[in-house]
Amino acid sequence: MKIGVYVCECGSNIASTVDVDKIVEEAKDLPNVAVSRVYKYMCSDPGQELIKNDIDEYNLDKIVVAACSPRMHEATFRSVLEDKGLNPYVLEIVNIREHVSWVNSDKDKGTEKSMALLTGAVYRSALMKPLERKKVGVIHTALVIGGGIAGIQAALDIASMGYKTTLVEKTSSIGGKMSQLDKTFPTLDCSQCILSPKMVEVNRHPNIKLLSLSEVVAVDGYVGNFKVKIKRNPRYVIEDKCTLCGDCLPVCPVIAHDEYNQGFSPRKAIYISYPQAIPASFIIDPDDCLGINPLICTKCKEVCGPEAIDFDMQPEIIEKEFGAIVVATGYAPYPIENIGEYGYGTIHDVISGLDYERIVSASGPTEGKILRPSDGKIPETVVFIHCAGSRDPSKHLPYCSKICCMYSTKHALQYKHVVHNGTAINFYIDIRTAGKDYEEFYQRAAEEDKVIYIRGKVSEVLEDGDQILIKGVDTLSGETVELHADMVVLATGITPSEGTKEMASLMNLAVDINGFIREAHPKLKPVDTAIAGIFIAGTATGPKDIPDTVSQASGAASKACGILSQDELEIEATVAIVDDSLCLEVVACVLKRAHIALLRCK
Amino acid sequence: MSYGYIKIGSEEKAFIAKVEEISGQNVYSCYQCGKCSAGCAFSYKMDKTVNQFIHLIQLGQKERTLDANTHWICASCFTCTVRCPREIDVAALMEAVREISLRENPEKVRIADLPKESLEKLPNIALVSNFRKKTG
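Going line by line, the protein sequences match chains A and B. In this text, residue positions in the first sequence follow the numbering used here: the first is 1, and each later residue adds one. In this text, residue positions in the second sequence follow the numbering used here: the first is 1, and each later residue adds one.
Hints may contain errors.
Said to hold, decoys possible - On the chain B side, residues computed to face chain A include the following (Cβ under 7 Å):
| no. | residue |
| --- | --- |
| 1 | Tyr5 |
| 2 | Ile6 |
| 3 | Ser10 |
| 4 | Tyr28 |
| 5 | Gln32 |
Don't read these hints as lab results, they were simulated from the structure. No experiment lies behind these values; they were computed from the predicted model shown. Just so it is clear, CB atoms sit at the ideal spot from N, CA and C, and this is done for glycine as well.
Excised from the complex, chain A in its bound form:
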């Protein structure tokens, strides 16, 4: 047997803390090593050629490369072996960059550790056997989880490329948070106007099957062959029969808070969350309705002409197979009642960003008039407090929620457009306008609409008669300031939604310290997850604005189609096998989704 050893300097990345020449020399004395070489960039074309020439010249059987993480270049070197007719799996990678040079500054110790790792690898290499890749079929359908703008875009893109797509949405309508927004920065497009055409398209696209009020409850299988269980909750109104005539509304005796309007307006127990909702059908809220178990009231059923109401609908479990999955489960606003000093939940006129969106919206509870919740008066001074929850690692969210600078600026500008003589004051830490035309939008708000910006955090928001007293600081003048406002809008931060957390746990997707789903690589694989065939889009991976969300959704769709478009997939040959005599069946491996072979074993 002849083993070739190749040590990479990686420029100075490895060479600065590992004596590469020394380990190359020492490696020559290891058993079976026929040749040992160092090169500045082993991954480069000349580096690969070096290995190829040696395979010919020395008749090498196996290769050991000491370089960076196998996640970077294992595939590169495997193809080198394949090109020369060797089995690609008789390659051993020793990670002396991430595991040695990057985490160590002592050259002697780094050299010693590298040599130890390399020695182990050479011995292991001698035991390696060729492996064959298996091929599996692909089911040519996709599952998109989450019907917000990310899920809508991903579903539309996959469907338009000709693949059957199932879009699963937990609530009664697709549209997500974007459907609640009034206008979008920086163009001030009406959110609903740009969203609803896409929603309608989802509804009528022949390749899209929309499952509203549905949740994914189990995911099994592997890339190209996922087996998914979806629980469909009852709507109690037959979607195809409901004509949206609204005859049921006046007769329903129950009044509940309208979630779409953030609880600022009432709705009935039978309702449609907003006129453009898709599926275009009423829904009965079983928690509010008096007709569902026990049956006390049937008023809506009595007046329903098309006989669309069915109090006896039951949840159903749908089992389907998919080739690829896109997770687009979105965000939830940070619970700003946690910031006690800002008074949300105790002071009536302190509202959240999303509350404000509904108040300023023409389809909202005040029909677009900016009226404060306590007494319905037009506020003369509105204070917008940025970073409500965000950038506060000690008590709240450690990260920047990315969209708040822009939406608070938009809120202030919208206020000034409606209340021309009003005063809009933003308290901010930094203004972050990193997006196309965002800086211009911010400058326009200040310059044309006279929105005032004060740099500094507000320390306390207090009720003072029918006004609100704000105590803050102006860090540019270095002075503490206080002022009275009639309404305060908190720029609520973004957190992973319940659905995001549930799906991450259900599918064993890695999450970051904040609970957002982790990308396979933050820069180069932003829509992949660590699990092949499962992709992510939108705010499930972290705070994101609409343009980024939509681009990511299209990216995820394109990656999904990369799988769906194949008739069969090659499955990695390095699979775990189970030694039945040792297995205690704790199923930790299955829970960790270690590999398909284990799942099959069980």
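Position chain B relative to chain A; hints supplied.
Below, chain B alone, put in the same frame as chain A:
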């Protein structure tokens, strides 16, 4: 530290409008980068730096603006105006505040009453300023 009270009512708005009218500048164009203060040769003599001074105008703090010595220290060298990334003629803002101050509170200085030693020491620009005060 006591809290400075911020109120942006009609008086404050009238002051902002007056500064903008005289100077022809939009004070809200300023995003407080501080380049004006950074480049001003006399920042160290000012009790409010140039950007702090503009910030006071943005908040309509007339009394505190006029109380500052910033606009009197300003020699109108235009370094700030030339360098401002938002194309604000900062020197014109200074001039506007000087105008407002002079119109409201003319402080007549009789050059002839100044002692000879002072006249010899005073820089020309100070004397020119004093002549302007006479026209206030």
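Outcome of the hint check:
At a threshold of 7 Å, the smallest CB-CB gap from Tyr5 (chain B) to chain A is about 6 Å, leaving the interface hint in force. Because the beta carbon of Ile6 (chain B) sits about 4 Å from the nearest beta carbon in chain A, less than 7 Å, this interface hint is met. Interface restraint check: Ser10 (chain B) against chain A, minimum CB-CB distance 9 Å, threshold 7 Å, status violated. Taking 7 Å as the C-beta cut-off, the interface hint given for Tyr28 (chain B) holds, the closest approach to chain A being about 5 Å.
The beta carbon of Gln32 (chain B) is positioned within 7 Å of a beta carbon in chain A (closest approach about 5 Å), and the interface hint is therefore held.
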